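Sequences listed follow chains A and B, in order.
Counting in the numbering used here, the first sequence runs without a single skipped number right up to 705 at its last residue.
Counting in the numbering used here, the second sequence runs without a single skipped number right up to 969 at its last residue.
In case anyone wonders, no lab produced these hints; they're calculated from the structure.
Here the structure is a predicted model, which is why all the values come from computation and not from measurement.
There's no promise every hint is true.
Under the rule of at most 25 angstroms between Cα atoms (straight-line distance), these lysine to aspartate or glutamate pairs were calculated in the DMTMM-like manner [said to hold, decoys possible]:
id, chain 1, residue 1, chain 2, residue 2
1, A, Lys347, A, Asp506
2, B, Lys842, A, Glu689
3, A, Lys386, B, Glu883
Distance ranges between label pairs, derived from CB positions [what the hints assert, rightly or not]:
id, chain 1, residue 1, chain 2, residue 2, range
4, A, Arg698, B, Arg744, 44 to 50 angstroms
5, B, Pro942, A, Arg342, 36 to 42 angstroms
6, A, Asp666, B, Phe920, 48 to 54 angstroms
7, B, Arg676, A, Arg342, 53 to 59 angstroms
8, B, Glu719, A, Asp666, 40 to 46 angstroms
9, A, Lys376, B, Glu675, 24 to 30 angstroms
10, B, Glu719, A, Arg342, 54 to 60 angstroms
11, B, Pro887, A, Lys376, 51 to 57 angstroms
From the three backbone atoms N, C-alpha and C, an ideal C-beta is built for every residue, glycine too.
Here is what each chain is made of, one letter per residue.
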Amino acid sequence: MIIEKQHDLPAFRQAVRDWLADVVPPDWRARMAKASDDEFIAFQRWWMGERNKVGLGIPHWPKEYGGAGLDLKHQIIVAEEMARTDAPQARMFIISLIHMPGTLFPHGTEAQKRRWLAGVAQGDVWCQGFSEPNSGSDLASLRTRAVRDGDHYVVNGQKIWSSYSMYARYCLLLTRTDPEAPKHRGITYFIMDMQSPGVEVRPIRQANGRSEFGELFLSDVRVPAENMIGRENDGWRVAQATLASERGVIAFEGAERQRYEVEGFYRNAVESDAAWLADDQLRREFMGYVAELQAGRRLLRTLLRENASHNAPPSVLPSMVKLSGTSLRQRLCSFMVRIASIDGQRHGAITEDPFGSPMFEFLSSFSGTIAGGTNEIQRNIIAERGLGMPRV
Amino acid sequence: MAANAVETVDRTALDALREGVAGVLVEQSGSTAIHAFIDGKRALDRELWQQAAVLGWLAVGIPERHGGLGLGARGLAILHGELGRQATPGPYIATLAAAETIAACGDEAGQQRYLPRIAGGEISAAVPADLSRATASGALRCLGAPDAALLVAQTAEGWALFELASAEVSEVPIWDRTRTVIEVKLGTAKPAATLDRRAGDTLLRAMTLAIAADSAGAARSITERTIAYMKTREQFGQPIAGFQALKHRAADLVTKLAVMDELVAHAVERIEAGEPDADLWAMLAKAESTEAFAFIATDCTQLHGGVGFTWDFDPHIFLKRARLNEALATPNPALRDRAAAIMAEMARAERTALELAL
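Full structure from sequences and hints, please.
Written out as structure tokens, the structure reads:
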């Protein structure tokens, strides 16, 4: 019904739009604002199930692994229509949908791909065990130890900032297998079953009151050697594929959503003759954000085109996109807090209205500027890899 | 298919334009040449203007039936971007914006009389430096050369084209020596042709896009020059480009450049497609790009350290160009106000100003 129309883009778009109009519950935001953890998980699973029913669960994967093999234009259309409808996001499945296949496609054996890729369509949640309490920006200094014991490795250590790990079935895990080697050369990449004995997950309570991240405590966890991705001590290279897999796809949908948020916010302000519109300084500041928003959406399209072009040289555009986009989000949310004045200080979670809880959005914006390589790390990448400024 | 074929031809022509302009300017409008020019040792502005005429740069935005190349906003943005990159001196922004206004809003006789002469480099034109103060019966401050032959200006009767051959014109010394500002006694200028009521908006759109493109090109250039300098300047026994505090600033600058380029490209696209939000995006592109350019030129001056404060290095040339760009066309706060008003009007009509093609 939708996938069959892939050769006719306007019809494909219309089919996605019709399906969304039909399937998205109009009150989902209000429901999720008050939802318990169990309700959130159930809702996320329901949403993935609905997407799967129409072939939009893993549409960007190759056909041989259960996907629809859709190209970039279709992905853009799906993301645009999701944003336009304000459809739910598959937040809990981001690692499952993007990072896991982004790692297994280039580095997994055929047996590994057959074994793990199929589960995503059935709703397997994956998490990422990369950062540690003492290895954040300096990720390669990680110390979680894996020691060979027959046909298994025994893992001990601690991981942190693992999104939705409380609900995850599998974990993409980085471990230290050779403590004597230089730090980048003693790391091994595993897939860990989260139901293994010795895995304990504790949710982290965030500044915005939510708990989307978890901390993993690993005590004598036995991971089969066949779960190793790539070779022993070659995990750093494999991890680069995980880290590079996202390249703007999530940010693209985020920016499209933000477009409707900002546009809706401005329309409401115009209709209600909001006080801030009469303030010259605030109104002009807002127009600056509008300009940056539009430039950012274009920059993301440039990045997605670069991803799709097979002969494009590696660039630092993903870092520039992250740096500019997350900084814009933070400044925009900060602006929303300021114009809401005392009303904006009322405690509340997400609401129906765009920026209806500006403090929540502002606090949440730090996950953009800090997670996935802090903006300071992005600046290092831009300066060193992009501009050829020396590493000292 | 037809549309694609046209687009391919255009793209070839635009790529050729970019390469051609960049090649000539890198060779002839480099740092040494610009310094010689601002020190009065070389008439680089005239030399390049003659070449620009021969090479067809002045014809880029003029319709083909008047001897132009008809490359529209896309061609003009490329040209102004490259002129900005080399901080090239000359009345390009004023002349080409005036030509666009004549082409869009002048009568047939006026178009036939003036456009081929502009395209051929025979005459240059002046425009009000600040259009928000354009209505004046006395002295009008204009962007343009002291020997400009034409002026686009507004009087109580509306927008018109004036000949300046026998007008009282004096040059106003400005800090940016790569452009010139003149004062024209409007009463002494000879009305030459009327322009229709769209002339004000047309001129503003042409000027804002030209200034935005100039700013984006110039900002990229001074950033590249500054980073190159940081790789050679050593302190504490190493190139200063290795210090993280400075690397992070450089990364911020090039990220700003990427945003500026997209904003200029967006304005070009909306203008070319004749979208109702075209003016909004040209105004925002000018406001954002000129302020980003001023920020970048300021930081590049600082990143140069002591030599950044000298006459002999490049930063001050760009810094002054940036500050003039900010002030031209219409002050940025007023541009943002107008953009906000257009967006509000569109919101009331349930239309979007944020549409983007795939």
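Consistency of the hints with the structure:
For the proposed pair Lys347 of chain A and Asp506 of chain A, the alpha carbon gap of about 31 angstroms is over 25 angstroms, so the pair is violated. Distance restraint check for Lys842 of chain B and Glu689 of chain A: the Cα-Cα separation of roughly 20 angstroms lies within the 25 angstroms cut-off, and the hinted pair is therefore satisfied. Distance hint between Lys386 of chain A and Glu883 of chain B is fulfilled; the C-alpha atoms sit about 23 angstroms from each other, no more than 25 angstroms. In this structure the hint that Arg698 of chain A and Arg744 of chain B lie 44 to 50 angstroms apart at CB holds, the actual value being about 47 angstroms.
Between Pro942 of chain B and Arg342 of chain A the Cβ separation comes to about 41 angstroms, which falls inside the hinted range of 36 to 42 angstroms. Look at Asp666 of chain A against Phe920 of chain B: about 51 angstroms separates their beta carbons, and that is inside 48 to 54 angstroms. The hinted window of 53 to 59 angstroms between Arg676 of chain B and Arg342 of chain A holds, with their beta carbons roughly 56 angstroms apart. A beta carbon spacing of about 54 angstroms between Glu719 of chain B and Asp666 of chain A contradicts the range 40 to 46 angstroms that was offered as a hint.
Range check, Lys376 of chain A to Glu675 of chain B: about 49 angstroms between beta-carbon atoms, so the 24 to 30 angstroms window is missed. In this structure, Glu719 of chain B and Arg342 of chain A meet the distance hint of 54 to 60 angstroms, their C-beta atoms being roughly 59 angstroms apart. Separation of Pro887 of chain B from Lys376 of chain A is about 43 angstroms and departs from the stated range, judged on CB atoms against 51 to 57 angstroms.
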